[in-house]
Amino acid sequence: AQSVTQLGSHVSVSEGALVLLRCNYSSSVPPYLFWYVQYPNQGLQLLLKYTSAATLVKGINGFEAEFKKSETSFHLTKPSAHMSDAAEYFCAVSRSGPHSSNTGKLIFGQGTTLQVKP
Amino acid sequence: ETGVTQSPTHLIKTRGQQVTLRCSSQSGHNTVSWYQQALGQGPQFIFQYYREEENGRGNFPPRFSGLQFPNYSSELNVNALELDDSALYLCASSRTSGGGNEQFFGPGTRLTVL
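Here the protein sequences line up with chains E and P, keeping their order. FYI, in my numbering the residues of the first sequence are 11 to 128. FYI, in my numbering the residues of the second sequence are -15 to 98.
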């Protein structure tokens, strides 16, 4: 079974400060990992994904995440927060490999609300 | 390239009623997945349709059903609505089924059950 835990339901940073959103996963097979962002009253937009290539993944809007197998983590970072980064962020995991039952369904964490203070 | 669209945007129903939500997938995508997002929660997988067949289902009762059409658009039907069905319903399309394929999400349908 797969699961995702996002530590901290709310994170508040000042504009220009480092953003760190934490995600730990559990998976019995090598995972694919994703970070999505959701703005109010909108759907989800993919920020970045890990699919077993480079462990440091760069995404859109200056975000990046590092896959650490030993820590079962996939934390999201951005060196300098911008007011427009305020949103809900979701970490998700899906199953890798060509297994016949592998639909690629995403299992999401509970989400972290990022607040950016001026 | 048109993205994923969903209709309606908002819907209000009463307990016991039935509802149909619609999703148009992105051009070139043959797979549609549906998710339920309760307030303050992460999305939960309902089911997936791949080439017009159900291709995986989450932990949802049979009163949640769906269809996928030859043009790969999809419907989500919910019968005998319950208060707990109030949520944002998200549709996502991808080029094909399987892990690692990016899922493109629509804006969602907000369902309120009174």
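Derived by calculation from the structure, the hints in this document are not laboratory data. There may be inaccurate statements among the hints.
[To be verified] Interface residues of chain E toward chain P, partial, derived using beta-carbon atoms under 10 Å:
1. V14
2. L17
3. S38
4. P41
5. Y46
6. N51
7. L56
8. S62
9. A102
10. K115
11. L116
[To be verified] Here are a few chain E residues that sit away from chain P, every Cβ distance over 10 Å (derived from the structure):
12. S24
13. E25
14. R32
15. L54
16. L66
17. N71
18. E76
19. K78
20. E81
21. H85
22. H92
23. F100
24. G114
25. P128
Backbone N, C-alpha and C fix where the C-beta goes; we use that ideal spot for every residue, glycine too.
Structure-based check of each hint:
Proximity of V14 (chain E) to chain P holds as hinted, the smallest CB-CB distance being about 8 Å (cut-off 10 Å). At a threshold of 10 Å, the smallest CB-CB gap from L17 (chain E) to chain P is about 14 Å, leaving the interface hint violated. Taken as an interface hint, S38 (chain E) does not check out: its beta carbon lies about 13 Å from the nearest beta carbon of chain P, beyond 10 Å. Satisfaction of the interface hint for P41 (chain E) is found here, the shortest Cβ-Cβ separation to chain P being roughly 8 Å, below the 10 Å cut-off.
Among the interface hints, the one on Y46 (chain E) holds; its C-beta lies about 8 Å from the nearest C-beta in chain P, closer than the 10 Å criterion. Taking 10 Å as the C-beta cut-off, the interface hint given for N51 (chain E) holds, the closest approach to chain P being about 8 Å. Among the interface hints, the one on L56 (chain E) holds; its C-beta lies about 6 Å from the nearest C-beta in chain P, closer than the 10 Å criterion. Hint on S62 (chain E) holds. Least Cβ distance to chain P is approximately 8 Å, under the 10 Å limit.
Nearest Cβ of chain P to the Cβ of A102 (chain E): about 8 Å, under the 10 Å cut. The hint holds. Proximity of K115 (chain E) to chain P holds as hinted, the smallest CB-CB distance being about 4 Å (cut-off 10 Å). At about 6 Å, the closest approach between the beta carbon of L116 (chain E) and any beta carbon in chain P falls short of 10 Å, and the interface hint on this residue holds. For S24 (chain E), the shortest C-beta to C-beta distance to chain P comes to about 25 Å, beyond the 10 Å cut-off, and the non-interface label holds.
Distance to chain P confirms E25 (chain E) as a non-interface residue, since its nearest Cβ pair spans about 25 Å, more than 10 Å. Every CB of chain P is more than 10 Å from the CB of R32 (chain E) (nearest about 15 Å), matching its label as outside the interface. Non-interface status of L54 (chain E) relative to chain P is broken: a Cβ of that chain comes within 10 Å, the nearest being about 4 Å off. Distance check for L66 (chain E) against chain P: the nearest CB is about 18 Å away, which clears 10 Å, and the non-interface claim stands.
The non-interface label for N71 (chain E) is consistent with chain P: the shortest C-beta to C-beta separation is roughly 16 Å, beyond 10 Å. Its beta-carbon lying about 18 Å from the closest one in chain P, E76 (chain E) satisfies the requirement of being farther than 10 Å from that chain. Its beta-carbon lying about 19 Å from the closest one in chain P, K78 (chain E) satisfies the requirement of being farther than 10 Å from that chain. The Cβ of E81 (chain E) lies farther than 10 Å from every Cβ of chain P, with a closest approach of about 21 Å, so its non-interface assignment holds.
At the 10 Å boundary, the C-beta of H85 (chain E) stays outside the reach of chain P, the nearest C-beta of that chain being 17 Å off. The Cβ of H92 (chain E) sits about 23 Å from the closest Cβ of chain P, beyond the 10 Å cut-off, so the non-interface label holds. At roughly 5 Å from the closest C-beta of chain P, the C-beta of F100 (chain E) falls inside 10 Å, breaking its exclusion from the interface. G114 (chain E), annotated as away from the interface, has a beta carbon of chain P within 10 Å; the closest lies near 4 Å.
The beta carbon of P128 (chain E) sits about 25 Å from the closest Cβ of chain P, which is more than 10 Å, so the claim that it is off the interface holds.
This entry does not satisfy hints 2, 3, 15, 23 and 24, going by the numbered hints stated previously.
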